[in-house]
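One-letter residues, chain by chain:
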Amino acid sequence: MGTSASFEARTKVFCMLLLLLLCCFGGKCELQESKPSATTTLKPLENEFNKPQAFPDEEAASLPVFTMDYPRIQVPFEFTLWVLLASFAKIGFHIYHKITIWIPESCLLISIGLIVGAIMHSVKEEPPAVLNSNVFFLYMLPPIVLDNGYFMPTRPFFENGGTVLWYAVVGTLWNSIGIGLSLFAICQFEVFGVQDINLQENLLFASIISAVDPVAALNVFEDIGVNEQIYIVIFGEGLFNDAVTVVLYNMFTFLADLPVVESTDVFLGVARFFVVAAGGLLFGLLFGFVAAFTTRFTHNVRQIEPLFVFMYSYLAYLVAECFSISSVLAIITCAITMKYYVEENVSQRSCTTIRHVVKMLATVSETLIFFFLGVVTITTEHEWNWAYILFTLLFAFVWRGFGILVLTQIINPFRTIQFTFKDQFGLAYGGLRGAVCFALVFTLPDTINRKNLFVTASIAVIIFTVFLQGISIRPIVEYMKIRKTNKDLNTINVEVHSRVMEHVVCGIEDLCGQWSHYYWKDKFKKFNDHVLRRILIRDNRAESSIVALYKKLELQNAIGLLDTPMGDISAAPSIVSLYDERKEASRPKKKFLAADVRKMHDILSNNMYKIRQKTMAYTNKYNLPDDTRTREILIRRHASIRRSLRAESFRDPPSQNIGKSQKYYSLQPGGDLENAFALRRRSHGASGSQSSSSRSLVPMRRLNTIKESGSAGKQPAASAHPHSPPPGVDVLEEREPGSLAGPSLIGRRVPASRSHISDQIDGDEDPDESEHTGEREEAPEPPRGWVPDNQGLRNNGAGNPLLRPPSQGAWGSDH
Amino acid sequence: MGASQTRTVHKYQDLADKTGFSLEQIKNLYQRFQHLSGNEETISRDNLESIPALANNPIRKQIIAAFFDKRNQHQDEVGSCNEIGFEQFLMVMSHFRPPNAKTTEEEKEAMRKEKLRFLFNMHDTNNDGTITLVEYRKVVEELLSNSGDIGQEAAKAIADAAMLEVASTNVPHMGPEDFYAGITFEHFEQILEGLEMESRMHIRFLDVNTATMRCGKSQS
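Protein chains in written order, with the UniProt record's numbering: chain E, 1 to 815; chain Y, 1 to 220.
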C-alpha cells in the first residue's frame, strides 16, 4: 500500500475493477485485500457455480472474505426494488406535471406496470409472489385505509353522515346484489358457456366489483373544487364501502364453499354483518381513545410520539382482524377518533411526521397495487370470455347509475341541500374501481373454479373505468359546471363569519325547537369540552377554531418571514397574499452569496435564541433538539410586527407623529422598498453583503424597537433611534414637521431608519449585546402554548386611539 | 270553531305568501311561538332569553337582538322594538329558508344577499351602515367568550387582524391620511364573496312537528 492518499485511492479502484473482472469470469475471488465492504455485492454468480473453487485448499483453511447470500435477502430486496421502481415512475411523471392533470396517476401507474409486465413476460420472468391474501390484508390495506380515515374532512363528513352511510352501505349492497343477480341470470344462457358459475360465486364476484375507489375522481374533484357535499359523499363512499365490501367478501367466500346455502345461512349472514360493523366501530373507538390518552403523556419522549398513532391503529386493525370483524371500520374509526386529540397533544413536528408517514405509506401501498395490476395483467394466464366480461362491464355501469338515481330520490327529501341531477351524474360517474377491487380478486382462494375469469373480468372493469372514466371525468365535470365551492378561503374573516353563521343557525334552530346536526354538534362539543378533552388532552384549554386559524396564519407568516429574506414585508398585513408570498418565497428574486446567507443565519440565530441556548442539546442521542421555543419567540416577534403595522394603519391619528422606523414599515404594498434598499446600499458603499444580510433582519429588528421602546430610557444614548415612547401610548414626543406629508416623504425617511437598524444589528453581533437584548425581549416565563402577545393591546385598553370614534378625525392608515 | 279555522287558514295563507313558508311550517312555527310566548300574542326578549337550549350559545344576545331588529323584518324602519308578533317572528325566520329545486339563479343570489345582510345587521349594532372595529371586536369577543381569558385577549388581536385584512383587500392603496372607518356592506360582501353560502345559514323547517306529534290530535 502506498502512503499517499491518492495512491491508496487508486489502488482501491484498481482492486475493485479487478474483483469485478474476476467475478465476471466466475472465479472464486480470494484476494487478500482489506476491502470486504466494497465487494460484498459484487458476487452474484456464486450460487450458480456451485462452489467453483479456484483455490480449494485455501478455501477450506481460511475465512471466506467474499460471500453472498442472496436468498436470505431476496424478499425484502426485491420488495425494495419494486417500491423504488414504482416511486421512480411517480417521480417521472410528476416532473412533467401537465400529464397528471389530464391523465390520472393510477392510469399512468397501470401503464408502467403493463410495460414492466411486458418486459418480464418477454424474458419469461415470473412476477414476484409478493401479493397474496395475507400480505394484502395485513400489510397493504391498512396504510391505505388509515390514510383515508386520518385525512377525512371530519366536519363535512358529520354534516353529511347519513347520506354518506346511505350511499356507502346501501349503495354497495345494491350494487353487489344487483350485479350478482344479473350475472347469475346471464350464466343461465348456454350460449355464453359460463353455466358452471353458481349464485354464490357470482355474488362474491359482484361484491368485489362493486367497491368503488374514487381516488382518481377525488383528485379531479379537488382540483376543480366541486362542492363539498358531493366531494364528501364520494370520499365517504369510497371509505366505507371498503368496509362493506370486505365484509361481503368474507361472507361470500365462506358461502361459496358451501354446496347448499340454506335460508338460515342468509339470516346468519345478515346478523353477522351487523356484528361485524358494530364490532369494528367499537374496537376503533376503544383504540382511538387509548391512543389519545397515551399521547397525553408523551411530551417527554417526543421522538417516539408518532409511533403511537401507527401502532395503535395497526393494533386496532389486527385485533379486529383476529376476531374477524370489520378491521377496515376499526382502523378508520380509530384514526378519526384519535386524530383530533392526538394532534393537540403532540408537538408540531410529530404532527407533521405523522401526516407525512401516513401519506407515504398509503402512497407506496397504492402505487404498488396499481403497479402489480399492470404487471399481472400481462403475466398471468387469462380466461377471456367475451360475454361474461362485457356483461360485467355493462352491469357495473348500469347498476351504479341506476343505484345513484334511486338512492338519491330516497335521500333527497331528508337533505337540506338536495342533490341535483348534475350532482348525481358526478356521483355516478365518479365510481371508478381501483386498487382494493384488484387486490381482493387477486387474493381469491383457489377453490373458486373460475378464478381466472374473475381476475380477467375485474382487471377489465378496472382498466375500463380507470382509463375511460378517469380520463374523461375532468372534461365532463368541467363542461357540466357542477356547483363548485371555494376551499382555499383561509382568511380570518371567513372563519369568523362561518363561525357566526353556525352559531346563528344553531340558535335559530333552538328557537324553533328543532334539532339537526347543529344541535348534536353543540351537544357533542359541550361533552367534548367538559369531559373528553379533560381526560385526553394534556393542555386542555378549549380552543376555538378561529384562534387556531389565527395561530396558523401567524405561524405561516413567521415562517414566511424566515424563508423570505427578500420578502415583501410591506405586504404582511394582507394575509390572503401570504400564500402567494410563500410560493414566491421558494424562488427568491435575487440570489445571495453563500457568505451572505451564512451571515444572515448567524444574525438570525443571534437574535432569536437566547445565547445560552445556542449550545443545543444534541448530547442525548434519543432526543430531538427542541426548537419550539425559537418558534414561539418568532411568532411573538411577528405578532409585534403586525401590531406595529396595525398601529400605523389604524391607531395613529395623523396629528401624532410617527417614529422613523415605524414609518418605514408603512410602505405601500409592493412600494419602494427596493428603493430604500438601493439607497441604503449606496450609502454604505462597499458593505454590500452587510446590507443584504441585514435586510433579512428587518422584521426581526422591528420588534426590537417596539418592545424596547417600552423601556426607552435604557436605549443606548448613541442610538439614532428617535426617542420613542411606549407603543401603548402611541404618542411620540419628537415631531417631525414633514410627517404629515404624503408617502413621498416615506421613501426619504427610510434610509435613515435603515441605517439605524443596521447599526443596531451590528451591535447585536457582539455577544454581550445580543444576550442583553435577548433577555430583554423575552417574556420572563417560557412560552407555553400560544401566549398571545397582546401586551401592547391590553395596555392600550381604554386609551387606545384605535378605539377612538371616527368622528375625531381620520386615523392614519398608510400601508 | 269552523269560522276561526278558516280565518286562521286565511291568515296563514297570507303569511305563507309573504314569507314563502308552507302552511304546515307556519303551523309548526306558530305552535312554537305560542310555546315560547306562553300563549301571548307577542313575544318579548325575556321569553327568548329563557330558552334553556340557547344558554350555551356564545352569540345568544346577538341572535335574540336580531329578532327585535326592525331591519330584519322587511320593513324600511330602523331601530328595535321590545315585543314582536308572530308575523315578525316569521319574517326573521324566513331568512333561513333553504332554496329548493325551483329557485332560479337570481333568486339564489338575492337570498344570499339577504342572508349576508342579516349577518351584517347583526354585527352593525348601531345601524350606521358600517361595522366598525369596536363592533367587530365585540363580535369576536362574544364568539370566543367560552375560551376564558385567552379568548378575551386573542379576540382583540384577531378582530384587529381581520379588520386589517378587510382594509387591505378592499382598499389596497390607502393614502396615509386615509382612515378605514369600518366594513361597509359592499366590503362585507366582498370578503365573503368566495364563501359558499348555499350550504350555510339554512334550516330545514320541518313540515311535521315532531315535538307535538303525539298530541296533534287533541289540538285539531
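Treat the hints loosely; a few may be bogus.
In the DSS-like style, the derived pairs of lysine-lysine whose C-alpha atoms are separated by at most 27 Å in a straight line are [what the hints assert, rightly or not]:
1) Y/K18 x E/K481
2) Y/K11 x Y/K61
3) Y/K18 x E/K525
4) E/K523 x Y/K18
5) E/K521 x Y/K138
6) Y/K113 x Y/K18
Derived CB-CB ranges, DEER-like [claimed, not checked]:
7) E/K523 x Y/Q31: 19 to 29 Å
8) Y/L23 x E/L405: 44 to 54 Å
9) Y/N126 x E/I91: 57 to 67 Å
10) E/W102 x Y/A16: 47 to 57 Å
11) E/E478 x Y/V134: 28 to 38 Å
12) Y/G129 x E/I91: 54 to 64 Å
13) E/K481 x Y/G129: 30 to 40 Å
For the record, the hints were derived by calculation from the structure and aren't laboratory data.
All residues carry an ideal CB built from backbone N, CA and C; glycine is no exception.
Okay, the hints, checked on the actual structure:
1. Y/K18 x E/K481: Given that 27 Å is the threshold and the Cα spacing comes to 33 Å, the pair is violated.
2. Y/K11 x Y/K61: Given that 27 Å is the threshold and the Cα spacing comes to 31 Å, the pair is violated.
3. Y/K18 x E/K525: violated, 37 Å
4. E/K523 x Y/K18: Between E/K523 and Y/K18 the Cα gap is close to 34 Å, so the pair fails against 27 Å, i.e. violated.
5. E/K521 x Y/K138: holds, 24 Å
6. Y/K113 x Y/K18: holds, 18 Å
7. E/K523 x Y/Q31: 19 to 29 Å: Since E/K523 and Y/Q31 have Cβ atoms about 23 Å apart, the given range 19 to 29 Å holds.
8. Y/L23 x E/L405: 44 to 54 Å: violated, 31 Å
9. Y/N126 x E/I91: 57 to 67 Å: For Y/N126 and E/I91 the Cβ distance comes to about 60 Å; the hint holds.
10. E/W102 x Y/A16: 47 to 57 Å: Between E/W102 and Y/A16, where Cβ atoms are some 51 Å apart, the hint holds.
11. E/E478 x Y/V134: 28 to 38 Å: Between E/E478 and Y/V134, where Cβ atoms are some 45 Å apart, the hint is violated.
12. Y/G129 x E/I91: 54 to 64 Å: holds, 56 Å
13. E/K481 x Y/G129: 30 to 40 Å: holds, 36 Å
Consistency note: the structure conflicts with the earlier hints numbered 1, 2, 3, 4, 8 and 11.
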